[in-house]
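Sequence lines, in order, name chains E and L.
Here this note's numbering is used: position 253 in the first sequence is 253, and no number is missing along the way.
Here this note's numbering is used: position 251 in the second sequence is 251, and no number is missing along the way.
In case anyone wonders, no lab produced these hints; they're calculated from the structure.
Hints may be right or wrong, so weigh each one.
Identical chains blur together in the list; that is why a pair holds if it fits in one copy or across any two.
Below, a list of computed lysine to aspartate or glutamate pairs in the DMTMM-like style, where the Cα atoms sit at most 25 angstroms apart [claimed, not checked]:
1. LYS22 with GLU99
2. LYS29 with GLU19
3. LYS29 with ASP161
4. LYS57 with GLU192
5. LYS57 with ASP6
6. LYS150 with GLU247
7. LYS128 with ASP7
Protein chains: 2
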Amino acid sequence: MMRPEDDGSLGQQYKRAVEVAKVLHGLCKRGYRVMLVHGNGPQVGQELIRSEEASTKVPMTSLDACVASTQGTMGYQLELALYNQSHALRVATVLTLVEVAGDDPGFKTPTKPVGPFFTALRARDLAKHNKWQMTEDSGRGWRKVVASPKPIGVVNIGAIDAAMSRMDIVIAGGGGGVPVIRDSNGRMSGVEAVIDKDLTSALLGQLLGAQMMVVLTAVDHVSVDFGKPTQRRIDQMTVAQARLFLEQGQFPAGSMGPKVQAAVDFARTTGRPAAIGAVTQVGRVLAGQAGTRVVAD
Amino acid sequence: MMRPEDDGSLGQQYKRAVEVAKVLHGLCKRGYRVMLVHGNGPQVGQELIRSEEASTKVPMTSLDACVASTQGTMGYQLELALYNQSHALRVATVLTLVEVAGDDPGFKTPTKPVGPFFTALRARDLAKHNKWQMTEDSGRGWRKVVASPKPIGVVNIGAIDAAMSRMDIVIAGGGGGVPVIRDSNGRMSGVEAVIDKDLTSALLGQLLGAQMMVVLTAVDHVSVDFGKPTQRRIDQMTVAQARLFLEQGQFPAGSMGPKVQAAVDFARTTGRPAAIGAVTQVGRVLAGQAGTRVVAD
Chain E
1 MMRPEDDGSL GQQYKRAVEV AKVLHGLCKR GYRVMLVHGN GPQVGQELIR SEEASTKVPM
61 TSLDACVAST QGTMGYQLEL ALYNQSHALR VATVLTLVEV AGDDPGFKTP TKPVGPFFTA
121 LRARDLAKHN KWQMTEDSGR GWRKVVASPK PIGVVNIGAI DAAMSRMDIV IAGGGGGVPV
181 IRDSNGRMSG VEAVIDKDLT SALLGQLLGA QMMVVLTAVD HVSVDFGKPT QRRIDQMTVA
241 QARLFLEQGQ FPAGSMGPKV QAAVDFARTT GRPAAIGAVT QVGRVLAGQA GTRVVAD
Chain L
1 MMRPEDDGSL GQQYKRAVEV AKVLHGLCKR GYRVMLVHGN GPQVGQELIR SEEASTKVPM
61 TSLDACVAST QGTMGYQLEL ALYNQSHALR VATVLTLVEV AGDDPGFKTP TKPVGPFFTA
121 LRARDLAKHN KWQMTEDSGR GWRKVVASPK PIGVVNIGAI DAAMSRMDIV IAGGGGGVPV
181 IRDSNGRMSG VEAVIDKDLT SALLGQLLGA QMMVVLTAVD HVSVDFGKPT QRRIDQMTVA
241 QARLFLEQGQ FPAGSMGPKV QAAVDFARTT GRPAAIGAVT QVGRVLAGQA GTRVVAD
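Build the full structure now, drawing on both the sequences and the hints.
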């Protein structure tokens, strides 16, 4: 719901929400029921900047709380946009906590930078007092780095399932979900981390018995040998083929990698197809006429 | 979830959430199913301060978006606290948009101050560029004032009802709900306003067919002639009696007034009892052994 050229205002975000709403409304008219998982990178970035800028006046917030916050604000924009497509659409946004393992290897070496750039002085202060892990970002300043642990369970799956039974569109798992861990006594607590939204999508699709998972991106399809003379588009690949491509490092970790991994997860665990394609072509992607399909072996 | 003596940190808010969670868990053990509406005044205040402090770096947010945001963050804290009371509790937080009338008289003369105090210069700037209505607050600076319109419909009632059918506790309508209006074409948009959470509770209770509405406060019961030698506690009053007290100005507009009005609304529209009492005595309030009960005529 935000692109690099956008100004980041709520008005601009609403316009992006309308683009998505048109696509989803089209699907509902054709009889689909939709579970929507959205990202929240730029929005969480804004929240963390606000928290830092106001830190001398009000207590700082935390990354997990910011994910919960953006589930509210982005669900709100999406719902407005959807109702304005059709008053008859039944839409729900369900707060979604997603469990990750406290011993996920990601926590040992956090790599995902989030939030504002800090001076060295402020970075040292935050590392000391807030126990944040900080990294210098190629001369632009210091940033907080967090883990990107694997989603292992959806705390609110019962509520999402109840909503799906009566709604046309359920918005859940936004930003990959609010990351929580359980200690050895089962006590649950939030943790500052970023869960990949595509992996959360795959898990939700699996738990809900979805007929198909579609990962919507800015590109039309998945390619291998990207940028080389041998580059070619993939219309369909099996789980085994996709895994081989992943092992070969065909898909960058920060972009197409998790999307292909999520498609593999869904196809492998459910036996049903997953697809990756452009948001503007969603109808054709669902029909197998566009995008890249991942099918069980 | 925040008291005047609290520092406003997430850690402190979680402790308050635990206090509420204990009470709600106790009710669930006795077989109640609970729909919880919480306030969000201090939390929205924090959000608006963050928005102002970061306004030169990221676009400002709006009050309606902040309500959506606090539904996420406060639902998150409450859910954690509830799961940590009992892993078996089934809890859902549903984003709640509440409709108000575009011609609600509140919009003509906004009276509710929200957010930070501004200098006269900044206040003039915000009034001019953001079309905010500003008021001088007894020498402490300038503040934004917004309307407090009456809730007339709950956009997400279907989703809340679906959640209630499968959950022990549903958190919805937080902060009174995200205020939205419809124009003559039915187009829905957000509006910067504060909906009274007790009036939203009454409406939700009515729409869901709740057996009872309980307004939890810091005081044990409702009193008339408060602070006078003739002061007396009310154990029970009919809708007609409560209305007479309201007309007499027995209950201040900013505190007990809307609570009694909400109890009246619920008892009048449903024929079922409403009660007002202390959060620590909720069991006795439900049993009619504590607090103040409002019953249909």
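Cross-check of the supplied hints:
no.: 1; hint: LYS22 with GLU99; in the structure: between (32 angstroms within a copy, 23 angstroms between copies)
no.: 2; hint: LYS29 with GLU19; in the structure: within (16 angstroms within a copy, 46 angstroms between copies)
no.: 3; hint: LYS29 with ASP161; in the structure: both (21 angstroms within a copy, 24 angstroms between copies)
no.: 4; hint: LYS57 with GLU192; in the structure: both (22 angstroms within a copy, 23 angstroms between copies)
no.: 5; hint: LYS57 with ASP6; in the structure: between (29 angstroms within a copy, 14 angstroms between copies)
no.: 6; hint: LYS150 with GLU247; in the structure: within (18 angstroms within a copy, 59 angstroms between copies)
no.: 7; hint: LYS128 with ASP7; in the structure: between (34 angstroms within a copy, 21 angstroms between copies)
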